[in-house]
Amino acid sequence: MAKSVTEISRGLAAGKFSSVEVTQDYLARIAEFNPSLNCFISVTDELALAQARQADDRRAGGEADALTGVPLAHKDLFCTDGVRTSCASRILDNFIAPYDAKVIENFKSAGAVMLGKTNMDEFAMGSSNENSHYGCVANPWNTAHVPGGSSGGSAAAVAAGLAPGASGTDTGGSIRQPAAFCGVTGIKPTYGRVSRYGMIAFASSLDQGGPFARSAEDCALLLRTMAGFDRRDSTCSEQAVPDYPASIGRGVEGLKIGLPVEYFAEGLDSKLAAVIETAVDELRRLGAEIQDISLPNTGLSIPTYYVVAMAECSSNLSRFDGVRFGYRCEDPVDLEDLYKRSRGEGFGAEVKRRILIGTYALSAGYYDAYYLKAQQLRRMIKDDFQKAFSSVDLILGPTTPGVAFRIGAKTDDPVSMYLQDIYTISLNLAGLPGMSLPVGFVDGLPVGMQLIGNYFDEAGLLNAAHSYQQVTDWHLQTPELKV
Amino acid sequence: MSDWESVIGLEIHAQLATVSKIFSGASTAFGAAPNTQACVVDLGMPGVLPVLNHEAVNMAIRFGVAIGAEIDHHSVFARKNYFYPDLPKGYQISQFELPIVGKGHIFISPDEGVSKEVGITRAHLEEDAGKSIHDQFPEQTAIDLNRAGTPLLEIVSEPDMRSAKEAVAYARKIHSLVRYLEICDGNMQEGSFRCDANVSVRRKGDQKLGTRAELKNINSFRFLERAINHEIERQIDLIEDGGKVVQETRLYDSERDETRSMRSKEEANDYRYFPDPDLLPVAISDEDIARIRAALPELPEQKKQRYINDLGLSDYNAELLTSSRDTAIYFETALAAAPELVAQLANWILGDLTGALNKANVEMTAVPIEPAMLAQLVTRIADSTISGKIAKEVFEAMWQGEGSADEIIEARGLKQITDSGAIETLIDEVIAANPEQVAQFRAGKEKVLGFFVGQIMKQSQGKANPGQVNAMLREKLKA
Amino acid sequence: MTLKSEDVLNIAHLARLHIDEDAIDQYTSDLSSILTLVDQMNQVDSSGVVPLANPLDATQRLRDDEVTEIDERDKFQQIAPDVEAGFYRVPKVIE
Numbered sequence: 001m002a003k004s005v006t007e008i009s010r011g012l013a014a015g016k017f018s019s020v021e022v023t024q025d026y027l028a029r030i031a032e033f034n035p036s037l038n039c040f041i042s043v044t045d046e047l048a049l050a051q052a053r054q055a056d057d058r059r060a061g062g063e064a065d066a067l068t069g070v071p072l073a074h075k076d077l078f079c080t081d082g083v084r085t086s087c088a089s090r091i092l093d094n095f096i097a098p099y100d101a102k103v104i105e106n107f108k109s110a111g112a113v114m115l116g117k118t119n120m121d122e123f124a125m126g127s128s129n130e131n132s133h134y135g136c137v138a139n140p141w142n143t144a145h146v147p148g149g150s151s152g153g154s155a156a157a158v159a160a161g162l163a164p165g166a167s168g169t170d171t172g173g174s175i176r177q178p179a180a181f182c183g184v185t186g187i188k189p190t191y192g193r194v195s196r197y198g199m200i201a202f203a204s205s206l207d208q209g210g211p212f213a214r215s216a217e218d219c220a221l222l223l224r225t226m227a228g229f230d231r232r233d234s235t236c237s238e239q240a241v242p243d244y245p246a247s248i249g250r251g252v253e254g255l256k257i258g259l260p261v262e263y264f265a266e267g268l269d270s271k272l273a274a275v276i277e278t279a280v281d282e283l284r285r286l287g288a289e290i291q292d293i294s295l296p297n298t299g300l301s302i303p304t305y306y307v308v309a310m311a312e313c314s315s316n317l318s319r320f321d322g323v324r325f326g327y328r329c330e331d332p333v334d335l336e337d338l339y340k341r342s343r344g345e346g347f348g349a350e351v352k353r354r355i356l357i358g359t360y361a362l363s364a365g366y367y368d369a370y371y372l373k374a375q376q377l378r379r380m381i382k383d384d385f386q387k388a389f390s391s392v393d394l395i396l397g398p399t400t401p402g403v404a405f406r407i408g409a410k411t412d413d414p415v416s417m418y419l420q421d422i423y424t425i426s427l428n429l430a431g432l433p434g435m436s437l438p439v440g441f442v443d444g445l446p447v448g449m450q451l452i453g454n455y456f457d458e459a460g461l462l463n464a465a466h467s468y469q470q471v472t473d474w475h476l477q478t479p480e481l482k483v
Numbered sequence: 001m002s003d004w005e006s007v008i009g010l011e012i013h014a015q016l017a018t019v020s021k022i023f024s025g026a027s028t029a030f031g032a033a034p035n036t037q038a039c040v041v042d043l044g045m046p047g048v049l050p051v052l053n054h055e056a057v058n059m060a061i062r063f064g065v066a067i068g069a070e071i072d073h074h075s076v077f078a079r080k081n082y083f084y085p086d087l088p089k090g091y092q093i094s095q096f097e098l099p100i101v102g103k104g105h106i107f108i109s110p111d112e113g114v115s116k117e118v119g120i121t122r123a124h125l126e127e128d129a130g131k132s133i134h135d136q137f138p139e140q141t142a143i144d145l146n147r148a149g150t151p152l153l154e155i156v157s158e159p160d161m162r163s164a165k166e167a168v169a170y171a172r173k174i175h176s177l178v179r180y181l182e183i184c185d186g187n188m189q190e191g192s193f194r195c196d197a198n199v200s201v202r203r204k205g206d207q208k209l210g211t212r213a214e215l216k217n218i219n220s221f222r223f224l225e226r227a228i229n230h231e232i233e234r235q236i237d238l239i240e241d242g243g244k245v246v247q248e249t250r251l252y253d254s255e256r257d258e259t260r261s262m263r264s265k266e267e268a269n270d271y272r273y274f275p276d277p278d279l280l281p282v283a284i285s286d287e288d289i290a291r292i293r294a295a296l297p298e299l300p301e302q303k304k305q306r307y308i309n310d311l312g313l314s315d316y317n318a319e320l321l322t323s324s325r326d327t328a329i330y331f332e333t334a335l336a337a338a339p340e341l342v343a344q345l346a347n348w349i350l351g352d353l354t355g356a357l358n359k360a361n362v363e364m365t366a367v368p369i370e371p372a373m374l375a376q377l378v379t380r381i382a383d384s385t386i387s388g389k390i391a392k393e394v395f396e397a398m399w400q401g402e403g404s405a406d407e408i409i410e411a412r413g414l415k416q417i418t419d420s421g422a423i424e425t426l427i428d429e430v431i432a433a434n435p436e437q438v439a440q441f442r443a444g445k446e447k448v449l450g451f452f453v454g455q456i457m458k459q460s461q462g463k464a465n466p467g468q469v470n471a472m473l474r475e476k477l478k479a
Numbered sequence: 001m002t003l004k005s006e007d008v009l010n011i012a013h014l015a016r017l018h019i020d021e022d023a024i025d026q027y028t029s030d031l032s033s034i035l036t037l038v039d040q041m042n043q044v045d046s047s048g049v050v051p052l053a054n055p056l057d058a059t060q061r062l063r064d065d066e067v068t069e070i071d072e073r074d075k076f077q078q079i080a081p082d083v084e085a086g087f088y089r090v091p092k093v094i095e
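In the order they appear, the protein sequences are chains A, B and C.
Quick note on my numbering: the first sequence kicks off at 1 and runs consecutively.
Quick note on my numbering: the second sequence kicks off at 1 and runs consecutively.
Quick note on my numbering: the third sequence kicks off at 1 and runs consecutively.
Because the hints were derived from the structure by calculation, they are not lab data.
Errors might be hidden in some of the hints.
Keeping only pairs whose Cα atoms sit at most 20 Å apart, straight-line, the calculated DMTMM-like set for lysine to aspartate or glutamate is [claimed, not checked]:
1) K382(A) / D57(C)
2) K80(B) / E336(A)
3) K75(C) / D81(A)
4) K463(B) / D428(B)
5) K131(B) / D82(C)
DEER-style ranges, computed between Cβ atoms [stated by the list, open to error]:
6) E21(A) / S29(C): 50 to 58 Å
7) D71(C) / E21(A): 35 to 43 Å
8) I133(B) / P296(A): 56 to 64 Å
9) I133(B) / A23(C): 31 to 39 Å
10) L419(A) / S47(C): 22 to 30 Å
11) A144(A) / A23(C): 24 to 32 Å
12) S47(C) / D286(B): 26 to 34 Å
13) E32(A) / E72(C): 37 to 45 Å
14) L56(C) / Y316(B): 54 to 62 Å
15) S47(C) / E266(A): 23 to 31 Å
16) S47(C) / A349(A): 32 to 40 Å
17) K131(B) / A349(A): 30 to 38 Å
18) T333(B) / G365(A): 53 to 61 Å
Please read all numbers here as calculations on a predicted model, not as lab measurements.
Here a beta-carbon is modelled for each residue, glycine too, at the ideal position from N, C-alpha and C.
So here's chain A without its partners, still in its complex pose:
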């Protein structure tokens, strides 16, 4: 078990097993382990088996794609036609999406199978998965610890072998941080690489979809299908999608990798830093040229990020008003009561906090001090990266300041939770691609290393990660699961 996407793809192509068989295997594992891990909000067994049968027929007809028949899990904020799409929120608990997200369409047309919809922080707001209406996901490496967030269900499902690959979204680290906490590989592509159509928005100028899998090789396969132009998303890029799987065998000889001094400064767990340094040594042995660089405005990225993200979310979430879909409160006395109670009862505490701060930041008299200021800092942060990329090919650092923390450890203090995102959010502000891959353990919990690439250089990231994974086996480690 715990086959990779690549292994399943090859096995299906070679006729070693059918899609129905492999899908049944995963559904059985989900039935066994999901009750304790809580990775899935919805398991779509019947649909999965129907899709698997179709995939087997398609393969028999000689029309198979690399992903035809491969079972995958999708974060529950990608709209899936006819299937509940909850965003882990009470307000969408009854929402059967009437259409497919572009990402879902892409996987469907490749013939991939959907196992179910994964758990997450409500509306992708959180770094621990504790903000889900459906309860927290347990980290498969230690169930007392969080899996990270917001795409915690997808990361944990891949780590636990409940799916070989999964989709996620990353607004401030929501793919990379849970990938790090769960010991899997995940990539956040360049803003505009993957269509946002049908991906329920948290912060429109930061959100980007991407895959989780066990390896960079698998991520390359998944991203090739996920990415691409979509005319329904005005911010989606028209740049052609490279053949990622074909571009990952190039090695890292002569590759210039920069280590931002700010990412290795105060606040980084020293044991974790040591693990990262070992991984850097490995890359150096493979021929990469390592140098120090500076991203001077890193410290500003947290306040900047939270202003931009909260302002955008306060407006994006206005459509959840109890009028056309979703939760409506009981017996509203008038329109205002309908709005206030539907939203007040439908949204969880963290979502409400962010809507309130965002509303405040955009309100009359505060716009310049908050939103406009944040947009200026955003350009300064972007400029830091552009300067860095004039001398290096890739940037490397830790994904998180520490390993997965215990469930409940940070729930009382939203600000300490926000500080978890220090290394991941500046990329979203700049729109750059980044990925996290497992490079070791601290106290039995996985450590993630982050690689940051220049715009649209996902192939470069995947290639570097793949080179590292060719000579190490951290990505092959699996947690021992208890029922």
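Based on the hints, put chains B and C in the right spot on chain A.
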């Protein structure tokens, strides 16, 4: 009253005549069953995104070019955030900073011979909201989102108008312009062209503007004039009674002919505008603008000047003929059939034809007399087939659908008698029958000539050519 | 930056969010500490920097003016809380 001055600015919302919505591919056709033209984007479903309609941008630029405005090369869409059930996303996509059309101006003629420049502050693109229907159900408000996402051009004037009459002249001018440009059908009943008026008053000589009230829900030019006049009176009475005007939105009630405060909009609005992150800045090149400028139709002002300079029409007639695109098209089509008869056609169109349209309450587009038919009628007067008096009878018959001018003249036997033999016979008969008057004329009483002409015309049932009758009659009587 | 509970209630009204009476103090203190974090932005002079609204500095793509959508009202209204005769319904609004 006389020491007060009113200050009026208008915000006009013109629905652009695109076939699909501004940010989605749903139809904009009017009158469909509720919510059948509202797609996932218009409904604000989770995860949907807007994509801008190219034609809406072109139409906005066309308007901007026509009013001599600056067109920004870089235009930005913003979200205007407020909650209302006919606003599905909880925000309206509009423009705040960097609208597509900057400062421009037009000229209005509130009175004959008067020309006044009115400044246009800006015109921006935005999406229309849906409709809230309050009388569909006893306990609930019904929401129809077919209109949600229809493209609007909001045209904001400077507070340059000083009377309701000027405001109406401005609104009519913009109405005429958007129809000339073919960017809006101008149908006020269906809400395609809507006016909001900002009205304030101040004592003459004051530099500072008074507190303004915004008048909404005005769906005809007549109501616009009435609503503004009422509001001016209300504000003056209020201040003279020691009260203060409060800044508020007032709804015009055409049935009661009054404005009243809209309580639901009373709270201070804080729209929290910010650039819409789902849309990118619109880039408009000089080439785009040049291409649109080159393809612009002849505009009312240019047309008017051409009518004056090339056709020799008076300023007044040229203004009236060009005030609506339909009238100008009618005139030009008729003129093509009778190129020499400029003044005659202008007089018939602005006189009898306009009178008949008003009387029957019919739009120029539905006129029963086609331009070529009117041209034929005017030609028959010019070539002396009929007299001007008979022509009115023919016009009436054409309006009733009895056929072309020639058909009616033929069928009713209205052809003018120009045969001098026949006229001579008529004259001889009348002279013979009235010896007394003949004597009076010969004694120097010239006035009696009119009596003879009248008698002859009567005998000919109006068909004798009056010029010929006059000349021949003089000859006969002198003999 | 410190907020008062009235500020929180005003913002909550703008955002149309009901906040339970007994949660107001917690929200007030949480929001104040978030704003304190956010105020760190003021440590940097950004005067003259052109605001960045979108990471790619790209321009808007335009779509042709074509009707591409069909009527799917029945499907969309299946998930609505209150519909009648094709209309969505809300408690009566008095204007």
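Now for the hints, and whether the structure bears them out:
no.: 1; hint: K382(A) / D57(C); in the structure: 11 Å, holds
no.: 2; hint: K80(B) / E336(A); in the structure: 19 Å, holds
no.: 3; hint: K75(C) / D81(A); in the structure: 11 Å, holds
no.: 4; hint: K463(B) / D428(B); in the structure: 17 Å, holds
no.: 5; hint: K131(B) / D82(C); in the structure: 16 Å, holds
no.: 6; hint: E21(A) / S29(C): 50 to 58 Å; in the structure: 55 Å, holds
no.: 7; hint: D71(C) / E21(A): 35 to 43 Å; in the structure: 42 Å, holds
no.: 8; hint: I133(B) / P296(A): 56 to 64 Å; in the structure: 58 Å, holds
no.: 9; hint: I133(B) / A23(C): 31 to 39 Å; in the structure: 37 Å, holds
no.: 10; hint: L419(A) / S47(C): 22 to 30 Å; in the structure: 28 Å, holds
no.: 11; hint: A144(A) / A23(C): 24 to 32 Å; in the structure: 28 Å, holds
no.: 12; hint: S47(C) / D286(B): 26 to 34 Å; in the structure: 31 Å, holds
no.: 13; hint: E32(A) / E72(C): 37 to 45 Å; in the structure: 39 Å, holds
no.: 14; hint: L56(C) / Y316(B): 54 to 62 Å; in the structure: 57 Å, holds
no.: 15; hint: S47(C) / E266(A): 23 to 31 Å; in the structure: 29 Å, holds
no.: 16; hint: S47(C) / A349(A): 32 to 40 Å; in the structure: 37 Å, holds
no.: 17; hint: K131(B) / A349(A): 30 to 38 Å; in the structure: 36 Å, holds
no.: 18; hint: T333(B) / G365(A): 53 to 61 Å; in the structure: 58 Å, holds
Checked against the numbered hints above, the structure violates none of them.
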